[in-house]
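Enquirer: Now for the letters of each chain:
Protein chains: 2
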Amino acid sequence: MRNAVPQEIEITKINESKISQVDFENLAFGKVFTDHMFICDYVNGEWQTPKIVPYGPLTLDPSARVFHYGQAVFEGMKAYKDDQGDTFLFRPDENFKRINKSAERLAMPEFPEEYFFDGLNTLLKLDDQWIKSGFGNSLYIRPFVIATQPSVSASEADEYRFMIICSPAQSYYSGDVSVLVAEKFSRSASGGFGYAKAAGNYAGQFYPTKLAKEQGYQQIIWTDSNTHEYVEEAGTMNVFFRINDTLLTAPVSDRILDGITRKSLIALAEKQGYNVEVRPIKVSEVVDAFNNGSLKEIFGAGTAAVVSPVKAFGYKGEHYELEKQENSYASYFKKSLMDIQYNKAEDSFGWRTKV
Amino acid sequence: MRNAVPQEIEITKINESKISQVDFENLAFGKVFTDHMFICDYVNGEWQTPKIVPYGPLTLDPSARVFHYGQAVFEGMKAYKDDQGDTFLFRPDENFKRINKSAERLAMPEFPEEYFFDGLNTLLKLDDQWIKSGFGNSLYIRPFVIATQPSVSASEADEYRFMIICSPAQSYYSGDVSVLVAEKFSRSASGGFGYAKAAGNYAGQFYPTKLAKEQGYQQIIWTDSNTHEYVEEAGTMNVFFRINDTLLTAPVSDRILDGITRKSLIALAEKQGYNVEVRPIKVSEVVDAFNNGSLKEIFGAGTAAVVSPVKAFGYKGEHYELEKQENSYASYFKKSLMDIQYNKAEDSFGWRTKV
Numbered sequence: 001m002r003n004a005v006p007q008e009i010e011i012t013k014i015n016e017s018k019i020s021q022v023d024f025e026n027l028a029f030g031k032v033f034t035d036h037m038f039i040c041d042y043v044n045g046e047w048q049t050p051k052i053v054p055y056g057p058l059t060l061d062p063s064a065r066v067f068h069y070g071q072a073v074f075e076g077m078k079a080y081k082d083d084q085g086d087t088f089l090f091r092p093d094e095n096f097k098r099i100n101k102s103a104e105r106l107a108m109p110e111f112p113e114e115y116f117f118d119g120l121n122t123l124l125k126l127d128d129q130w131i132k133s134g135f136g137n138s139l140y141i142r143p144f145v146i147a148t149q150p151s152v153s154a155s156e157a158d159e160y161r162f163m164i165i166c167s168p169a170q171s172y173y174s175g176d177v178s179v180l181v182a183e184k185f186s187r188s189a190s191g192g193f194g195y196a197k198a199a200g201n202y203a204g205q206f207y208p209t210k211l212a213k214e215q216g217y218q219q220i221i222w223t224d225s226n227t228h229e230y231v232e233e234a235g236t237m238n239v240f241f242r243i244n245d246t247l248l249t250a251p252v253s254d255r256i257l258d259g260i261t262r263k264s265l266i267a268l269a270e271k272q273g274y275n276v277e278v279r280p281i282k283v284s285e286v287v288d289a290f291n292n293g294s295l296k297e298i299f300g301a302g303t304a305a306v307v308s309p310v311k312a313f314g315y316k317g318e319h320y321e322l323e324k325q326e327n328s329y330a331s332y333f334k335k336s337l338m339d340i341q342y343n344k345a346e347d348s349f350g351w352r353t354k355v
Numbered sequence: 001m002r003n004a005v006p007q008e009i010e011i012t013k014i015n016e017s018k019i020s021q022v023d024f025e026n027l028a029f030g031k032v033f034t035d036h037m038f039i040c041d042y043v044n045g046e047w048q049t050p051k052i053v054p055y056g057p058l059t060l061d062p063s064a065r066v067f068h069y070g071q072a073v074f075e076g077m078k079a080y081k082d083d084q085g086d087t088f089l090f091r092p093d094e095n096f097k098r099i100n101k102s103a104e105r106l107a108m109p110e111f112p113e114e115y116f117f118d119g120l121n122t123l124l125k126l127d128d129q130w131i132k133s134g135f136g137n138s139l140y141i142r143p144f145v146i147a148t149q150p151s152v153s154a155s156e157a158d159e160y161r162f163m164i165i166c167s168p169a170q171s172y173y174s175g176d177v178s179v180l181v182a183e184k185f186s187r188s189a190s191g192g193f194g195y196a197k198a199a200g201n202y203a204g205q206f207y208p209t210k211l212a213k214e215q216g217y218q219q220i221i222w223t224d225s226n227t228h229e230y231v232e233e234a235g236t237m238n239v240f241f242r243i244n245d246t247l248l249t250a251p252v253s254d255r256i257l258d259g260i261t262r263k264s265l266i267a268l269a270e271k272q273g274y275n276v277e278v279r280p281i282k283v284s285e286v287v288d289a290f291n292n293g294s295l296k297e298i299f300g301a302g303t304a305a306v307v308s309p310v311k312a313f314g315y316k317g318e319h320y321e322l323e324k325q326e327n328s329y330a331s332y333f334k335k336s337l338m339d340i341q342y343n344k345a346e347d348s349f350g351w352r353t354k355v
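If you read the protein sequences in the order shown, they are chains A and B.
The numbers in this note's numbering rise by one with no breaks, and the one at position 189 of the first sequence is 189.
The numbers in this note's numbering rise by one with no breaks, and the one at position 343 of the second sequence is 343.
Please keep in mind that the hints were generated in silico from the structure rather than gathered at the bench.
Mixed in with the good hints, there may be bad ones.
Copies of the same chain look alike in the list, so a pair counts if it works inside one copy or between any two.
In silico DSS-like links for lysine-lysine, alpha-carbon gap of 27 Å or less [what the hints assert, rightly or not]: (1) Lys213 to Lys101; (2) Lys97 to Lys184; (3) Lys282 to Lys184; (4) Lys210 to Lys101; (5) Lys354 to Lys334; (6) Lys97 to Lys210; (7) Lys334 to Lys271; (8) Lys51 to Lys316; (9) Lys296 to Lys78; (10) Lys101 to Lys296; (11) Lys296 to Lys97; (12) Lys101 to Lys132.
When you get a sec, could you build the whole thing from the sequences and use the hints?
Expert: Okay, structure coming up:
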């Protein structure tokens, strides 16, 4: 990697914070952004001097390749503040590794580790007042890279922009969700880039999700595109099933995102002595478990929602309502994970990183 | 569709054309753009007053959804000028229908037909001097739609921008190409959106193509993601095979773009009395045909390259060099199609549209 020695970040501060205009009690997800943003451009084969500037619009040529060929990858992270006013990230090394894994699959240049962490830490310190303490409050962090090169030639770009923008967040989902198991539409192909956090993995989900919403479901559980017989992921979350007291989730593959919340839940469950099976899961197995009463829970796991309980699922025209569980795994995992994230519990895994 | 009655286009002309700075003899594909561009914004559930303005940069919020979730579709068209100075489009109704088909799959709003054609015709008349006569010269036209709404919430946007930008073009490919048949990577999933001209279908191809280039191939012929046994398309072109005197191409599906050049070639071939088979084609059948001497030609078909002859292909570590054909189908089709496009031949299909 070139530019191994990080350059000093050029910082331009805002004149006046806009924070007083923000109602922190009523935040829609991802609509309000902090005072500053991090920018680093890739030109002539090198990442240029990183900058922190006031949050504001980008100016791009209409032929910039991101608009035409979807060369764009991103990450989702959160910063959490404890009651003492200290700020923490959760396994940020995993986000850093993954954005470069995503970038590689989209023929985009690797971003240097030092730039990533220097940029992130400097930005978080500058916008510290936007990170509110209180369980459930967080700062959602969106690192992303876009192809900026002007030219509609269908090949990888030579010019990119890496950015970090931050948005104060409350909880992402309100209430339990109903999900529809995909029978026709697919999220990702074998040999494709479903494992990458790439822009192109999302746009194709909105239309099937819109159709699912018309049937009363909020999300889709994607199945394998070859047979639609195996459950994969929920598009913005990985999916877990509890059958009796066994926790099941699909193995990651080139179609499934290697979710950080997913792997953290697996680690937590194993440490707690739960029976965890990471293996292909047939939809029919889930339906059978529902029918014989052994399907206790389904829940999604992801950075935005942490753990999102599923109250019902639809499949082949049937609707399956799950019974509400006392002492659910979902609530146990959500609390265990958040206790670590918010510095309320011992972090035996070393996942927490102080900013 | 709302706004069925087209609004007058607001036109802001350039002060001085930049055309004198352009070397029309040495045009790289898609790098130089004409003086004006067409813009129409979708806000509050309606397409707003369309505008033609000087070509220039866009200003977008860093959270605009196109950067994060890939909601972006496009078309590729060309305008051709004959020796009398008249300008023609080729089957533009097909492009119009397809951009809306692509948009629907990505949960984007339909663009009104009147706006599309009024915008396109007005823009082409305004930038007429950029369309050079001469066989092979053209104006490449890129209509596209991007999600502009600022918010990193993972759902379809409420705000979009439709644009048309134009770039003077010579021929897209120089010389015959060598292609690698995909064995591991895939372009598209069954149940996905491979049939759409969507940004997300392109970014994933660049990395496998980069690996193919390292082996001396310029393009990839994609195979079905389930088995990798059937040929599909070349990513920016559909693919034809000539076995003896039969022309073969794969049927379109939800994974394969319904190419306008593709369907025009099929119509031309059938009219000419050629034997045409549109059916699933196994890679093994192509290899067998090569081995027994019946594989005469392979060529790609698409708007940018028109017809692009393949001189060799690679598959499972073997390299297959095709013999150069006298009176090739590729050159026959290329000339026949271009004669229609450039108003040099009778257009019995009614494909040509005068601007």
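Enquirer: Determine for every hint whether it applies to the structure shown.
Expert: Taking the hints in turn, this is what the structure says about them:
1. Lys213 to Lys101: Answer is between: at 21 Å across copies they meet the 27 Å cutoff, but 32 Å inside does not.
2. Lys97 to Lys184: Only across copies: Lys97 and Lys184 sit 23 Å apart there, 33 Å inside one copy, limit 27 Å.
3. Lys282 to Lys184: both (16 Å within a copy, 24 Å between copies)
4. Lys210 to Lys101: between (30 Å within a copy, 16 Å between copies)
5. Lys354 to Lys334: within (21 Å within a copy, 63 Å between copies)
6. Lys97 to Lys210: between (32 Å within a copy, 22 Å between copies)
7. Lys334 to Lys271: within (15 Å within a copy, 66 Å between copies)
8. Lys51 to Lys316: neither (52 Å within a copy, 47 Å between copies)
9. Lys296 to Lys78: Neither: 30 Å inside a copy, 58 Å across copies.
10. Lys101 to Lys296: neither (35 Å within a copy, 41 Å between copies)
11. Lys296 to Lys97: neither (34 Å within a copy, 47 Å between copies)
12. Lys101 to Lys132: neither (31 Å within a copy, 44 Å between copies)
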